[in-house]
Structures are given as C-alpha cells and as structure tokens.
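Visitor: Sequence:
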Amino acid sequence: MSFNFNYKRKLFLYYFSIFFIITSSFIAFQFNREKHFRIAQLENTLNTITDLTSNYISKNNLLSNNNISLLDSLVQIIPAEDTRITIIDLKGNVLFDSFVEDYDGMENHLQRSEVQKAKYSDEGKGSNIRRSVTTGQEFYYYARNYNDFFVRVAVVYDIKVQNFLKAERLFLFFIAFIFIVTWFILSYVTRKMSESITKLKDFAVQLRQNKPVYEDYEFPQNELGVISKQIISMYKKLTQTTNALSLEKEKLIKHLFVLNEGVGFFSPDKKVVLTNTHFVQYLNLIAEKSSINPEHIFEIADLKDLQKFLKKHVEKKNLTINPHELPRLEFKVKKSGYFFEIKCIVFQDQSFEIYINDVTKLEKRRLLKQQMTSNIAHELKTPVASVSGFLETILNNKDMEEDKKDYFIEKAFRQSNRLTALIEDIVVLNRIEEGVDSYEFEELSVSSIVKDTIDNCENLIREHQLTVNYNIAEDVKIKGNRALVCSVFQNLLDNSISYAGEGVNIDIDMYHEDDEFYYFSVIDNGVGIPEEHLSRIFERFYRVDPGRSRKMGGTGLGLAIVKHAVNIHKGEVSVKNAPKGGAEFYISLPKYSS
242 MSFNFNYKRK LFLYYFSIFF IITSSFIAFQ FNREKHFRIA QLENTLNTIT
292 DLTSNYISKN NLLSNNNISL LDSLVQIIPA EDTRITIIDL KGNVLFDSFV
342 EDYDGMENHL QRSEVQKAKY SDEGKGSNIR RSVTTGQEFY YYARNYNDFF
392 VRVAVVYDIK VQNFLKAERL FLFFIAFIFI VTWFILSYVT RKMSESITKL
442 KDFAVQLRQN KPVYEDYEFP QNELGVISKQ IISMYKKLTQ TTNALSLEKE
492 KLIKHLFVLN EGVGFFSPDK KVVLTNTHFV QYLNLIAEKS SINPEHIFEI
542 ADLKDLQKFL KKHVEKKNLT INPHELPRLE FKVKKSGYFF EIKCIVFQDQ
592 SFEIYINDVT KLEKRRLLKQ QMTSNIAHEL KTPVASVSGF LETILNNKDM
642 EEDKKDYFIE KAFRQSNRLT ALIEDIVVLN RIEEGVDSYE FEELSVSSIV
692 KDTIDNCENL IREHQLTVNY NIAEDVKIKG NRALVCSVFQ NLLDNSISYA
742 GEGVNIDIDM YHEDDEFYYF SVIDNGVGIP EEHLSRIFER FYRVDPGRSR
792 KMGGTGLGLA IVKHAVNIHK GEVSVKNAPK GGAEFYISLP KYSS
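Residues in the sequence shown are numbered consecutively from 242, following the working numbering.
Treat the hints as calculated values from the structure; they're not laboratory data. Treat the numbers as computed from the prediction; the structure is a model and nothing was measured. Among the clues, some could well be false.
Straight-line C-alpha distance at most 16 Å; calculated EDC-like pairs for lysine to aspartate or glutamate [said to hold, decoys possible]:
1) K575 / D599
2) K832 / D755
3) K553 / D510
4) K576 / E536
5) K811 / E754
6) K811 / E681
7) K366 / D345
8) K811 / E683
9) K573 / D543
10) K470 / D443
11) K530 / D543
12) K718 / E683
13) K545 / E571
14) K584 / D546
15) K832 / E684
16) K530 / E540
17) K832 / E754
18) K718 / D748
19) K832 / D735
20) K584 / E594
21) K360 / D389
22) K575 / D546
23) K512 / E556
24) K558 / D510
25) K512 / E540
26) K821 / D748
27) K573 / D510
28) K573 / D599
29) K512 / D543
30) K545 / E502
31) K817 / E772
With these hints in hand, go ahead and build the complete structure from the sequences.
Guide: Right, dumping it as structure tokens:
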C-alpha cells in the first residue's frame, strides 16, 4: 500500500521528523542526566554515612578493641530510616551488619559486586542494586574501601527510593507544551513554504502543457516568495522577448516571400532550412528544369564556383570561422537570356545563406548604356567634326570673303544647335530613366499643353505648309508632370513636321476614355513609316532614314523620350500606318481624380 503525500505534508513530515529526533534525543539525554543526578545524590548521602561510620570506628578503635557491636548506637542516630550498615574485612568476612543479629554466621561477601568495585576501582567505591541473599530484600548497595576494611551502606530499594531515583517528570509536560507549539509553528511554516512551492509547481505544469499564463500569482513575503516572483517575472520577460522574436521572425519570413530576390538558408549538412518562391524559380531557370528541389543547387553544373566555395568552408568539419570576417562569395551566371547574381555567406556555425538576384534588367540596361554611349559618341562625332572643320577653315583662311565666312559660321552654328539639342535630349532621356521618383505630378489641362506646343512650332508649320488641328475639350484633365507631357506632344508633333512631308494635315484628338485613362492620337496623312521599321521606331538613335534625319536636325531620341515619358505615367504608346497613308501614334495618360 503506497501513500501519496503532497508537498506540504512531505515538508511537514521532514521537519517534524527532525524535530522528533532532536526532541527524543534531548528527552533521553535529560532522563539519563536526571537519573545519574539522582543516583549521585543518593550515593552522596550514602557516602556521608560511610565516612561517618569509618570515622566512628577509627576514633573509637572498635576493630582493635573488638567492640564493633557499638555501631548499633551509631545506626540509631542516623536520620535515614531503613539504612543498613555492613562492615567487611579485606578478606570478605562480615564484621558487622545492622540488619542481621547473627552476622558472624553470614557468608563471605568479598565477591559481592559492590565490594569488588570498591576493591578494584580507582576511587575505591562501588554500588549495585540487587536482592540480598541474607534478608531476601532488595537493596541499593554502596560500598567503600577504607584500606583496612570495607564499609557498605544500603537502603531498602522500595517504592520511595525508586521514585527518588526516577527523573523529574515535570519537564515532560514542558516538552509536551513545546512540542504542541512547535507542531503549530511547523504547520504554519510548511503551509507558507508549500504555497510558494505549489504555485511554482502549478506554474511549471502550465508551462509544460504549453498553456498561457494569465494568473497573477501572489507569493508570501519571504525569500522563497521573492525568488518565485523573480522566476515568474523573468519568465514573463522571456515570453515577451520570445513573442517579439517570433513576430520578427514571422516578419522576416513574410519579407523573404515578397522580395524579388531569391533567398535560401541551409544547415551545415546542406539541408534546406528556409527558401522563398523566387529562389526555386531562379533555380529552375538556371538548371533549365522544372520543379527542381532547392537542395539540387549543389549539383547544377553552372554553379561550380558555389560548390567549390562550400566544399572549402562548409564540408570541412570543426572549421573555425572568424565572426568578424565571414566567408563570402559573389559571381554572375548567364543562362537562357537571363543574368543572375549569386551570393553566398557562411555563418559561424557553418550554416549558410545563398542569394540569387535576377539582374537581367540591370545587365541589359548596362549593355544598353554601353550601346547608348557608343551611339552618343557616334552622334556627337559628326556635329563636333563639322563645327571643328568649319571653324578651322575660317581660321586657316584669314582673307576669306565675308559671304563665305558667314556661310561657314552659319553652318557651324547649325551644327552647334544640333549638338545642343542632342545633349538636351540625352539629358532628358537619362533623367526620365533614372529619376522616376523625382517628378512631381499635378492636375494638367491637355488642351492647354497641346495649344502651347502648336504655338511653339508655328514657324515650322508655316514653313512646311502644314495644317494642324486638335480636338480636345477644355475639361480633359490628366494627372502628370508638365515637362514630360509637354515633351510627349512636342516630340510627336516634331516627328510629323519633320518626316510626314510638305502640305500634310496633322490631327491631335482625344478619341476615347475609360475609368482610369484618356486616350489621345496624333495622326498625319503623310508618307508614313515603312513596315519593317515600325517595331524599332521607339529605340534610341534609331532612324528610318539616317541621312534625312540628320539633314532635318533630328537627334534620334525624340520617340524614345515619348515612350519613356508615357511609361512613367503608367500609360502606353503605339504606332501604325494609316490605311490611306500616314503615321498614327496612340498614347494613353491617366485621368486626374480629385
């Protein structure tokens, strides 16, 4: 049969057992001490009688005069009742006994226990409790050796003597009282201690069962209570920190999945810890396979540099990594028309992160800039060379006629204007491509912008005998940047003026609208654009007729500016040839909503 005690009862039992053992030991010690004290008192009394008897014998020379029987008179004056005095010589013969009349016939007492103790002990004393062979009574014997004889004094070991030798019982009541008081104190103390322990146990059980801790625990005002409060306080802070870390981890995970870059975390044994969707998509493109496992990254032939790096820094066990100089790798891969930037970093525990970024646009932009730089250099070469040639001719011919000199200066001036226009268009185009966020958008009246654009080109329109019409209501408002929208209509109109031909009509209309956009067209009835050039008409420096374009002073960037400016406004631009001839440009620009 097993007993299941709670902590309070166990604690009480432990303390009570300790108290019980200590108390029992104290009682036993006190009883023994009291008993010896009583015996010492009795023996001290008996020792006084033996001394008195010995002195009486010595002073009266009772042994030498053979008058030992005179001791009867001494016995009569001893105050203690029932006191028996026996004189024994060194050979054990009884010389006198106050309780026996015929003491001459008593047996030899040398072997009596008390006599033996008195004979051989250093103090010359001995005591014993036993029944007398002679009288049949039980006595407490006390014997003392006086060199020439033994004096033995005995008292009847009756109830009176027994009670005298017993320890005082009063202190037992005191001990019982202390015991009861201690019982209540232990009960109170163990209850207080068990409250803290029990609450801590309940708290630990809740944690073990992953239950939320809502209860505000109250503990006693003692050291254990303070420790308990500190534990719970530290746990709550730890919980808050853990929750905050979990939230940050959740944010990080969600952030990883909205990134345009592919990110993968791996354990030291190359097992996947976490990857986002782009990581797998980019791996599929690099490996030219579908549904590839992220761990297959270590088998892709195009990523040999990564595999060598990991073999050096991850596969070597017990490798010490400096936390301030973590191993890093960075390289680029071109695959299936895509450019990917691969990065890897190994952490101190040899786990690692692999980063894959699609830099196709950046690479193409870089290549495009290279091409653009080449085109710019090519485009600048002609006007710069022309200006330089005309000026050199003037400088080398000081006596040149004024009309020829004016002719060369005018040529140089036109080329410098062309150069200025080219530089301005390049600046505008670069600003459009790289400074999208720097443009401010506002409410614009398209009708007003188109009217101003036509007014700016009035001289050219008159020179080419063109007719320009526009049909845009005053209430057509768009949300856009004035400079960019002006450049859109300016370049479209310039394009029609320069390439449509003499005496043509140019119509600028708002032909459609929906909930978000207005749709505009710029249409001429001129020569149109050859079909093979329509797909490339918006490329930088692309010209349908390079010779004519340069002759007309075009930079080759006007339509490229139109395309990028419309794209910044989230609109679209397109071109086609009209059925009856001429070019038709269509653009969409966002409505302004108040």
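Visitor: It remains to establish, for every hint, whether it holds in the given structure.
Guide: Going through the hints against the structure:
1. Distance check on the hinted pair: K575 and D599 sit about 10 Å apart at the alpha-carbon level, within 16 Å; holds.
2. As the CA atoms of K832 and D755 are separated by approximately 9 Å, the hinted pair is consistent with the 16 Å bound.
3. Restraint check for K553 and D510: the C-alpha separation of about 13 Å stays at or below 16 Å, so the hint holds.
4. With a C-alpha separation of about 19 Å, the suggested pairing of K576 with E536 is violated against the 16 Å cut-off.
5. For the given pair, K811 sits about 15 Å from E754 by alpha-carbon distance, which is consistent with the 16 Å threshold.
6. Proximity of K811 to E681 is assessed by CA-CA distance (about 14 Å); at most 16 Å being required, the pair is judged to hold.
7. A hinted pair counts as satisfied when its Cα atoms are at most 16 Å apart, and K366 with D345 does not qualify at roughly 24 Å.
8. Between the alpha carbons of K811 and E683 the distance comes to roughly 15 Å, so the proposed pair stays at or under 16 Å and holds.
9. Simply put, K573 and D543 have alpha-carbon atoms about 10 Å apart, close enough for the 16 Å limit, and the pair holds.
10. With a C-alpha separation of about 14 Å, the suggested pairing of K470 with D443 holds against the 16 Å cut-off.
11. Restraint check for K530 and D543: satisfied, since their Cα atoms lie roughly 13 Å apart, inside the 16 Å limit.
12. About 10 Å separates the Cα atoms of K718 and E683, which keeps this hinted pair within 16 Å; it holds.
13. Taking the CA atoms of K545 and E571, the gap is about 12 Å. The hint holds against a cut of 16 Å.
14. Straight-line distance between C-alpha atoms of K584 and D546 comes to about 11 Å, which keeps the hinted pair within the 16 Å bound.
15. The suggested pairing of K832 with E684 holds, with an alpha-carbon distance near 9 Å, which does not exceed 16 Å.
16. Of the pairs offered as hints, the one joining K530 and E540 holds, with about 13 Å between alpha carbons and a cut-off of 16 Å not exceeded.
17. Taking the CA atoms of K832 and E754, the gap is near 9 Å; set against the 16 Å cutoff, the hint holds.
18. In summary, the hint linking K718 to D748 is not supported, as the alpha carbons are separated by about 19 Å, beyond the 16 Å threshold.
19. Under the criterion of a C-alpha separation no larger than 16 Å, the hint pairing K832 with D735 is inconsistent with the structure, at around 25 Å.
20. Distance restraint check for K584 and E594: the Cα-Cα separation of roughly 8 Å lies within the 16 Å cut-off, and the hinted pair is therefore satisfied.
21. About 11 Å separates the Cα atoms of K360 and D389, which keeps this hinted pair within 16 Å; it holds.
22. Note on K575 and D546: the hinted pairing holds, with a Cα-Cα distance of about 14 Å set against a maximum of 16 Å.
23. This hinted pair checks out: K512 and E556 have alpha carbons roughly 12 Å apart, not beyond 16 Å.
24. Distance check on the hinted pair: K558 and D510 sit about 10 Å apart at the alpha-carbon level, within 16 Å; holds.
25. For the given pair, K512 sits about 14 Å from E540 by alpha-carbon distance, which is consistent with the 16 Å threshold.
26. At most 16 Å may separate the alpha-carbon atoms for a hinted pair to count; K821 and D748 meet this at roughly 15 Å.
27. This hinted pair does not check out: K573 and D510 have alpha carbons roughly 25 Å apart, beyond 16 Å.
28. For a cut-off of 16 Å, the pair hint linking K573 to D599 stands: about 10 Å separates their Cα positions.
29. Among the hinted pairs, K512 with D543 is inconsistent with the structure: their alpha-carbon atoms are about 20 Å apart, more than 16 Å.
30. For the suggested pair K545 and E502, the alpha carbons sit about 21 Å apart, so the restraint of at most 16 Å is broken.
31. Restraint check: the Cα-Cα separation between K817 and E772 comes to about 8 Å, which is no more than 16 Å; the hinted pair holds.
Checked against the numbered hints listed earlier, the structure breaks hints 4, 7, 18, 19, 27, 29, 30; every other hint is satisfied.
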